[in-house]
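Q: Each chain, letter by letter, is given below.
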Amino acid sequence: MQSIIYIFPELFLSLSIMSLLMLGVFVKKSFKLINMLTILSLIFTIALVINQPDEIIKIFNNSYIIDKFSIFMKILTLLFCSFVLILSKDYLKNNNIDKIEYPILILASTLGMLLMISSYDLIVFYLGLELQSLCLYILAAFKRDDERSTESGLKYFVLSALASGLLLYGSSLIYGFTGSTNFEVIAENLDESNTAAIFGIVFIIVGLAFKVSAVPFHMWTPDVYEGSPTSVTSFFALVPKVAALAVFIRFMYVPFINVIDHWQIIIVFLSVASMILGAFAAIGQNNIKRLMAYSSIGHMGYALAGLATGTNAGIQSTIIYLTIYLVMNLGAFGCIFMMKRENVFYENINDLSGLSKNQPLLALSFLIILFSLAGIPPLAGFFAKFYVFMAVIEAKMYALAIIGLLTTVVSAFYYLRVIKIIYFDKPKKPFEKNYDWGLKISLILSSILILIYFIYPSALLDAISAIIIY
Amino acid sequence: MNFPILSAIIFIPLIGALFILITKGNQKNVEKNSKYVAIFSSIANFLLSLFLWFSFDTSVSDFQFVEEKKWIDGFINFQLGIDGISILFILLTTFITPVCIFSGILSIKYKIKEFLIAILVMETLMLGVFCSLDLVIFYLFFEGGLIPMFLIIGIWGGPKRVYSAFKFFLFTLLGSVLMLVAIISIYWITGTTDVVKLLDIKISQEYQYLLWLAFFSSFAVKLPMWPVHTWLPDAHVEAPTAGSVILAAILLKMAGYGFIRFSLGLFPVASDYFTPLIFILSIIAIIYTSLIALMQDDMKKLIAYSSVAHMGFVTLGIFSLTKQGLEGSIIQMLSHGLISAALFLCVGVVYDRYHSRMISSYGGLVNLMPKYAFVFMIFTLAALGLPGTSGFVGEFLVLVGVFQKSVIAAVLASLGVILAAAYMLWLYRRVIFGKIGNTEIKKMVDLNKTELYIFASIVFLTLFFGIYPEPLLNTINVSIDNLIDKYNANINFHIAQTNN
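Those sequence lines, one after another, are chains A and B.
Per this note's numbering, the first sequence runs over residues 1 to 470.
Per this note's numbering, the second sequence runs over residues 1001 to 1500.
This list has only true hints and no planted wrong ones.
Straight-line Cα separation of at most 25 Å, DSS-like style, residue types lysine-lysine; simulated pairs:
| hint | chain 1 | residue 1 | chain 2 | residue 2 |
| --- | --- | --- | --- | --- |
| 1 | A | Lys428 | B | Lys1111 |
| 2 | A | Lys420 | B | Lys1160 |
| 3 | A | Lys429 | B | Lys1024 |
| 4 | A | Lys429 | B | Lys1111 |
| 5 | B | Lys1109 | A | Lys429 |
Simulated from the structure, these hints should not be mistaken for lab results.
Please model the complete structure; the sequences and the hints are all you need to start from.
A: Put into structure tokens, the structure is as follows:
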């Protein structure tokens, strides 16, 4: 019973899901209220997570872990989840999908993510994964009467179910050949000679690569990003990445650390392939959501490069990369939510043409965000890449570093293309200017953070340097 | 001295840019105020840098006005400092920026507020390059300059501006990412990115070659050297006058400065090893691009190609590794900064009036614009290195330096001087003399007061430093001696090591 106090955040979140569901059923037209309460409960959960003790705590028969890493990742998840909810309020209303289920589903999938992040056992991990995935399938298809949305929901469901199946198969192999589902025990029993279990690792990596949308398991990403309602896309681009990467790191560095020679090359391949595909495939895209999908694939490639190093510096660089990536994407989606004329949201990048004339400030923040995504100094995006390549070069993986940096040049091209449309092209009809205050605040916050990051880069580094996985 | 004067010089333009950004009100007032803010902050900065020059101690070879702040804990310190070489580039930058601002105010017709912000941000970044004493900080400023320059070319440029802006951005970025790999590698090899410490650390030979090549890839693109110079003519032609001026006068110099500070300072053995490569590329650049310049019918393109040729002299001088050669290349960079800036302004003057850069559109301008013809003549002669202008001092010293290393290289480079005379004089003849070929240009008026003042100041400096280069030489003297001493000591150390 002692250990119950350590899962207060999760408990609180589940209780609020249930009570909000009740509230939604019995009070009519309560979307606004529930949305607000959802954000509040997320913020309260953040407070609970922050208050968790500093030392490493393993509870429930070593199947659940609370350490600095999980606390940091949970805070990221919850924080950006609430930002996404704030961002998408206006969009939901305009598209008539402001149903009470929406925030509740997001809350439920966030609960799943929290479980994933803290899991220290294959079964707990799988439960968390399924809880978040099931909610995500519904969210992708949330705009029921829209063909593209339903299609993307179905596509995501079929492919993701396959990936989950592979994960499960890999887990069962590992269980069979190491005799346990607990991460620590697996680590003890796993060595080079255990070929079948290494086979299992490959399956698990495939499943995880699918969740972070690394090439060659990225196929769902562009379609789902494009088809889902933009509010859901922004959720997809931000929040599940945290949990997926956290689990990825945990898996590689806790149970599988002894066979690093076997999995390292796979991760390097995933990373290089994602960077290259993310850079080249995005060049031809005209739909901004599709472009963001390929961009996120590329960014996951860089994050995985840090993961592939096998050092603590590498993991920390991945976490920094992820954090900065989240801030940048928050801003980018903030801008996408502002592409609105007479209650219709536009998605084609040519609609942005001449934005600098009509809305100079919006154009300026979009400019900052895009240059930062391209990794041009002195913006935050550069530092994200800088830390990753610091770690990569420390591990003497020069080829990975050079390929990675060369792909940034290619990917700079398509970000520049968007900037070109915003700044160099002739103005079109202006977008509306009556934005929601939440949208404004998120956008301003993210662009200012990106812009001034270079003044005091130690802040983020200090927060992360305490994180040691193994 | 406790006042952080270098930080002040670097960030005053940025603060000016912020002021311009937050000015609100009706269009006319905003534009007027932003012009005042831009002029004020850039001129204040120029005066501050003059003050810096006067309080600079030319008898010491160490870095002066050093500022150090913790930046990324235990890893990178935000470190600034200058020696005799960097201070001249700072002066050049702070002098050229107000010129650009005046020229922009005269010729830019739309989004003037944004233009001034871009120029001021650009100034901050360029000054940062010359002041930084840490490789990462250097890279930050070096690469950051791409953003405002991309926008300057892309927003206010000519008809093919999008293509040129992209080419400029991607070329330079491609060159620079390899430098980033090298910088990070240096950190892991030596444990620091602090330039002052690195200058005393002898990086082992095997690494030097690769690291040198990585830095070279970045500087060669930026300088630009043949065969990676192709972005420059495009960028120059399409950029607005002020953009071309910044590009030619300062941006190219960042690479020359990088060669002197980093390639020579950090990798002496590799510099020695690769000198023949640099010589060959520079000679090709001088002769080949001069020949191309002869055939241009676009004035800006002609000057752009001549820039490549002049930069060939700079690299020759730097890698001749003689005192005269190095001094010559620094003076060549400064004088090219002034002269090419002035030539682009000259083209800008006629372009603003008639909107054509083609040589064939003009002719006989001496009858319509005598003052302009006079100014243009001075800069034409300075560009071809007439004694008495700063162009001569630079080229002469470079040739003296190169002659000690390789007679053939010196002879071939002198060919470039002749070719420069050919294309510049031919350009001058076609534009200024002859019959007035085109009746429409008869409406063109001579230089107005602002233009005259801008040109007068540049003419003064060109002639002054042509006749009396002593202040410049005096400033760089000790630093260059120190550089060469260290370089030779390093080479000897490595030779001794290989012999053992």
